[in-house]
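Got two chains here, separate frames each, mind docking them using the hints?
Residue numbers (this note's numbering), protein chains in the order written: chain A, 1 to 102; chain B, 103 to 381.
Incorrect hints may have been included.
Where chain A lies over chain B, by a calculated footprint (3+ residues, C-beta under 8 angstroms) [as the list claims (entries may be wrong)]:
| hint | region |
| --- | --- |
| 1 | 199-209 |
| 2 | 240-247 |
| 3 | 251-262 |
| 4 | 362-374 |
Computed far set for chain A versus chain B, every beta-carbon distance over 10 angstroms [what the hints assert, rightly or not]:
| hint | residue |
| --- | --- |
| 5 | Leu42 |
| 6 | Gly43 |
| 7 | Pro45 |
| 8 | Glu48 |
Which bits of chain A does chain B cover? Going by a derived footprint, with three or more residues having C-beta under 8 angstroms, they are [said to hold, decoys possible]:
| hint | region |
| --- | --- |
| 9 | 29-40 |
| 10 | 57-67 |
| 11 | 73-81 |
| 12 | 86-98 |
These are calculated hints, taken from the structure and not from any lab test. Note that beta-carbon positions come from the ideal geometry of N, C-alpha and C, so glycine has one too.
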Amino acid sequence: MSETATATHATGAVEELKKRPYVVVFVILAVVTLVELNVYSLGLPHLEAIVILVILATVKASLVVAYYMHLRYEPRWLALIPLAGLALVAVLVAALTATVAH
Amino acid sequence: MAHPESVGEGEEEHHGSPWPVIIAVGMGVAYVGIVSGSIPLLLAGVVIFAGGIGGWIHQDLQRPSSPFYGLAAAVESRFPRVSARKLGMWLMLATEIMFFSAIIGASWTLRLRTATIGLPTFQGPWATPNQILNVPLTGANTFILICSSLTMVEALAAIERGDQSKLRLFLLATLLLGITFLSIQAFEYQHLFFGEGLTFTHAPAGSGVNPLYGPTFYAQTGVHGSHVTAGVLAMAYVTRKAFKGGFTKENHEAVELAGLYWHFVDVVWIFLFTIVYLI
Chain A
1 MSETATATHA TGAVEELKKR PYVVVFVILA VVTLVELNVY SLGLPHLEAI
51 VILVILATVK ASLVVAYYMH LRYEPRWLAL IPLAGLALVA VLVAALTATV
101 AH
Chain B
103 MAHPESVGEG EEEHHGSPWP VIIAVGMGVA YVGIVSGSIP LLLAGVVIFA
153 GGIGGWIHQD LQRPSSPFYG LAAAVESRFP RVSARKLGMW LMLATEIMFF
203 SAIIGASWTL RLRTATIGLP TFQGPWATPN QILNVPLTGA NTFILICSSL
253 TMVEALAAIE RGDQSKLRLF LLATLLLGIT FLSIQAFEYQ HLFFGEGLTF
303 THAPAGSGVN PLYGPTFYAQ TGVHGSHVTA GVLAMAYVTR KAFKGGFTKE
353 NHEAVELAGL YWHFVDVVWI FLFTIVYLI
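Okay, chain B solo, but in the shape it has when bound (with noise of 0.2 angstroms):
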């Protein structure tokens, strides 16, 4: 069922969300808690994170995507052609370069570190690639998120031409290459963890291998998989308001906000891929 064109009463609601606040109060309280060690204080600020999210999304579904951030506000912003919205998500993107590259820096400097010098305990090689890890597993893993690049853009590029059911045919591809994607991961770290033996602070038994490399792996990764995650539950946003009909060829910035996400993603799995995997 498609809606019908935005009209002006639909941008007057648009500017009235109190979400958003509330999700800030909810990061806010998260954060005090995680500063203060206050495990009660961290739930609620996840609950009210969550709540803040699913209120946004609920709202956000029951109309079509507003032209009033879309062309118009590339128009009116002060930076030729790129809309407010597609600067912030840039912006985002360039915290999260500096965020990544702490701690694939903090793991790498340890490796390098304590292969020569260091406490005792923290004595041993780093393991080589295939030693502990599944390389050809997650090689293959590689390339789904690969091709969930490719399906991403192709609806991206669907919705540019008007396409509603390639949009949702490709958008549903991106998702389940997304779940898929993390559903090998957990299933690997199930195998390393509770079948090697690979823990946060020991290395499988009888291998000699740092028992840092276990916490290193399970942070690089794990910190991925984190935004692999919240990259799947956009996606889900998106292809379900792509379902109800929510964009069109003029008005679809979602979609192309949700893409350079999922693809930031990927191109972030490029490099831990090498470094974590191959190196």
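Excised from the complex, chain A in its bound form (with noise of 0.2 angstroms):
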């Protein structure tokens, strides 16, 4: 590795950055909003339906985040910061299901 010589620790690095499979979690990403596209088509029960499309919507979500947000390759810690968001996020659902319900 000519290119990496030069750098006093950049090998590792370069070595690491080689794997992160950003194509593979494109290509994903592109098949499964196919998926979400025809999910109607399935015949599925309305309800399934949603389901399964919150599901695949998450899925792409913590993919992004996950290798595009490099949030896989930062510090732990660093996670809990969006994570607080999501906490308050689920208060205001609980609070909004519990209205809608009553």
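In structure tokens form, the structure reads like this:
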């Protein structure tokens, strides 16, 4: 690796970078989007289709956050920040559900 | 033309920027304008804000990315391996999660409530997928946004290898894909608003769709579209700086931070597309 020879500590970092599966993630995202667009053609009941769509969206979002936003490669504690936002979202959803049920 | 490595005086200069303060003042004035219902005050705040952003970008483009906030900041930070700037970006993204959740949650509540109860004016079912919205077109737009996320992350990977030409190529591609997304959304809005008659107060005539469908649709996708617009502006700045040779293998944190924001906007769209268009 002549390009890494000049950098003092870059060899390990560059090797690590090469392993990052950006294109694989992209292909998965594109395929899942195609599946999403065709969920209704499966003829599933409406509620089941919704559950599948929400799961697929969550899978896509998790892939983007983990690989494209590098959260997988960051120190673990950094994930607490978006999780704190999501915790408040959970409270909001619970409150809204209670309101609607009422 | 490549810039030389940043030297000591560049760092000194970096500390003295007045523009963030001016941006904050502009936001404050605009906020007072919104709260007090004063359009002139709101416009004055927006002008100060935009001037501050422009001034800051202009100042920053004059010099290469400073190492002060790069690796050095990560070492000096109280938190391991995360620079203060990246921490700040993630904190802002956490607030954005809550912001979008509030908009989506409010829309979802209206949808669930008005299907059964509520004022007679706001009764009526929600539109089914494909009834009003062009789902295949927006599906294609979703694909464009996914492509832009790939080009963005490849741009960062390029500068991490020190590859300037790939950095420029991928940033330019990201910028163009972002503009394409916005253009298609503008076309969609134009068609829905003037063609279909889906307005802020009315559903398309004769469709029987709930009149709240329009405002919730425009609120959710509009707020997202404005975020894409901000992302495109950030991308234009980063791309311009890349073409001036402002980033190096060691100092390129602005590319990473702009990328974080860009991917976040993509994540929001993944959920919005499902919630607004598919369900």
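Hint numbers not upheld by this structure, sorted from lowest to highest: none
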